[in-house]
Amino acid sequence: MAMLTPAETRRRVDASLRRRYRSEWLFRLYGLVSVLLGVGFLLVLFATIIGNGYGAFRQVFIQLEVQFDPAVLDPEGTRQQDTLASADYSQLVKTSLRTLFPDAEDRTSRRELNALVSSGGAFNLQKMLLADPTLLGQTRDVWLPADDEVNVFVKGRGPAAGAGSGDEAQRLSDRQIAWIQTLESSGKLEQRFNTIFFTAGDSREPELAGIWGATKGSFFMLFVTLFLAFPLGVAAAIYLEEFASRNWLVDVIEVNINNLAAVPSIVFGLLGLAVFINFFGMPRSAPLVGGLVLTLMTLPVIIIASRAAIKSVPPSVREAALGVGASPMQMVFHHVLPLALPGMMTGAIIGMARALGESAPLLMIGMVAFVVEPPGGPMSPSTALPVQIYLWADSPERAFVERTSAAIMVLLAFLLVMNAAAVWLRSRFERRW
Amino acid sequence: MGSARALWFNSPEVHVKHFRPVFSLLTAAIALTVSAGPVSAQAARDYISIVGSSTVYPFATVVAEQFGKTSQFKTPKVESTGSGGGIKLFCGGVGVQYPDIVNSSRAIKPTELAMCATNGVKDVVEVKIGYDGIVMAESKASPGLPLTLRDVYLALAKQVPNPNGSETLVANPYKSWKDVNPKLPAAKIEVLGPPPTSGTRDAFVELAMDGGCKTFPWIKAIKEKDENRFKQICYTIREDGFFIEAGENDNLIVQKLKSNKDAVGIFGYSFLEQNEDTVKGSLIDGISPTFENIASGKYPVSRPLYFYVKKAHVGSIPGIKQFVAEFTSQKAMGEEGYLADRGLVPLPAAEYQAVVKRVAAMEVMPPAK
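Keeping their order, the protein sequence lines are chains A and B.
Under the numbering used here, the first residue of the first sequence is numbered 1, with each subsequent residue one higher.
Under the numbering used here, the first residue of the second sequence is numbered 1, with each subsequent residue one higher.
Just so you know, the hints here were simulated from the structure itself, not pulled from any lab data.
All of these numbers come straight from a predicted model, not from anything done at the bench.
Certain hints may be false.
In the EDC-like style, the derived pairs of lysine to aspartate or glutamate whose C-alpha atoms are separated by at most 20 Å in a straight line are [to be verified]:
| no. | chain 1 | residue 1 | chain 2 | residue 2 |
| --- | --- | --- | --- | --- |
| 1 | B | Lys331 | A | Glu373 |
| 2 | B | Lys220 | B | Glu206 |
| 3 | B | Lys74 | A | Glu373 |
| 4 | B | Lys261 | B | Asp277 |
| 5 | B | Lys69 | A | Glu205 |
| 6 | B | Lys331 | A | Glu205 |
| 7 | A | Lys311 | A | Glu430 |
| 8 | B | Lys69 | A | Asp82 |
| 9 | B | Lys261 | B | Glu245 |
The following residues of chain A were derived to be distant from chain B, with all beta-carbon distances above 12 Å [stated by the list, open to error]:
| no. | residue |
| --- | --- |
| 10 | Gly31 |
| 11 | Asp88 |
| 12 | Lys94 |
| 13 | Arg98 |
| 14 | Leu100 |
| 15 | Ala131 |
| 16 | Leu135 |
| 17 | Glu241 |
| 18 | Leu356 |
| 19 | Met367 |
| 20 | Val371 |
| 21 | Ala420 |
Which residues of chain B face chain A? A few of them, derived with a C-beta cut under 7 Å, are [unchecked claim]:
| no. | residue |
| --- | --- |
| 22 | Val62 |
| 23 | Glu65 |
| 24 | Lys77 |
| 25 | Asn249 |
| 26 | Gln274 |
Here a beta-carbon is modelled for each residue, glycine too, at the ideal position from N, C-alpha and C.
Start from the sequences, fold in the hints, and give me the full structure.
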């Protein structure tokens, strides 16, 4: 090529410069648009979930003057614990509702009146009396949870809101709405923070359903997973990185580990069903089995993260340790592992977060179940948070819609905390060379 | 950047203390895993284990919760596995690791009963609990769609009889309801329904499509000669975009109907009942899907629901008899019972009495032929 004159070079560069600037500007624009689009979708998702779910954190309560009538609870005057436990407390609720609204005379209107208070109200009274038997014969003002239909109505997103015209579609009758309005104006109906949602197990009455059972189940599962997957994963990573000789067998293992990390989680569920339940005879629906299945799922993730963390420790550290007379094991445990540990923990936390949000493998081992009592340990039947969300999303009762979203919010909060912990660990302890 | 923060990692005394527990934990964890298996297999179960249909699940769970609260027994565990999967688990054998009760949205098949028997589950008590209507519904804002079973079949089947009247099949040419039946509005056919894995879909196909299909005498004649050919004609739903598989979640279909007033959804009656303010059921053969019409059997698309009890477990697992009694009691399954409030369509009085009598005697099903 002939030598170009400086002027010609200048001209050519000028000509291409605009094009090059333009393509860079476009590239930046594409990047920005993708980020904004992603953030936009996330915001829409969060807005929908929070918009649907915030209502579940408030619960409507109705104040009733309840007389713990000995004639109803303990007609024989035995004062035995058993008699008091099995007495008909719903009768107390009904009686006090009737004294409040004596206008409900015929059978249907009484049924409608009784439907205002949750069927769980009777159990609250039972608990109160068993805790303090001296209440028998006394009268107390008690706040009882309202029925889910009342909740939907009062929170104003229900079909009954604004109606009152005797429309057949309305889920509460005109009479019921009038009673609610009376209660509201006399201050006997109020919205409070929904503690039931955080302390109860599952229930088919939306106003009595809570996530404590599912949270406990998830906790037991993650506990089992962490205590199996972390030590096993770290040990495997150390062996593969520091001690194993390079040969085809190690290569095969390495390929398999990477492969396992990409296997769909339902496959681990099937494996768990075949091995832990059918072969070892462990019970279905137990968090222990769930934890074992999630261990299988998380193990490859932890091994890969741990190996990367070990690899990032510079060889000079190892050489220096060996040089001053440390054995290879001392070298690993005194120098390499402590330096790699933050990276390993980050990997473990991210693996755990994934395990927390997993529901597919749990389908296979029977954790998609209706379990009322929160589990007492890793062997008792239980559900998990994502499974609880799935079950509620499928329930016909209207009030479960907001509870589903609220449970998603709780799950997201847990995930956020775990991921934030991983980021914090990394920035706090990670060393760069 | 040898920062002071990372110092605790670097002092050797700390590590020795730190890593010994890691190894003992590892050993303990493995020991726990290995030993847990045999131990739990022998442990007795003190709660009832129920598996099966997702359609019966909402009813079984209500009874389970009520039972747990009002009896001295623990609340039964109810798993939603689908009818087929549940029956497979149920028929696995006799013993604490197998479920005691299976819910089913269809009657147990003779082949399944035979499988049960080969695994030692010989005595099975059948309990029919009521009916579930399958509705075709649309948004309250739409004008309404008075369908016949024949319209449903013609609108949704993959192959339909040639519109020119000859006895041949053509790929479904209909694009709007008006094409199907001149009396219907000119709206595009857009039906949201459950996927093939769903029991609701099975029942819809067997009841609605089957019924519509049989209105053509020459197709009905095929049924006697070649059952499989008949099923292929009548039970195959079109895949050209007019029928949209909307997933197992019936709530989702209801949501979609609200936003699209031309669409028609297929789901269980209990979802219609809970959402009557936003959606309405379409008339089928002139009958609207109301509680009364389903209970009386007038509404053509309804199916019976069942549960099955393993008699061998009665006595060894506490509370089975009492649970079944609670389920079949008047206050649960009766006409005014709490299951009716949840959308279960109760049995007619005579049938109910027969069920109660059979259950009280724990009468087992005759063995499969």
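query = Does the structure break any of the earlier hints, and which numbers would those be?
reply = 1, 11, 19, 20
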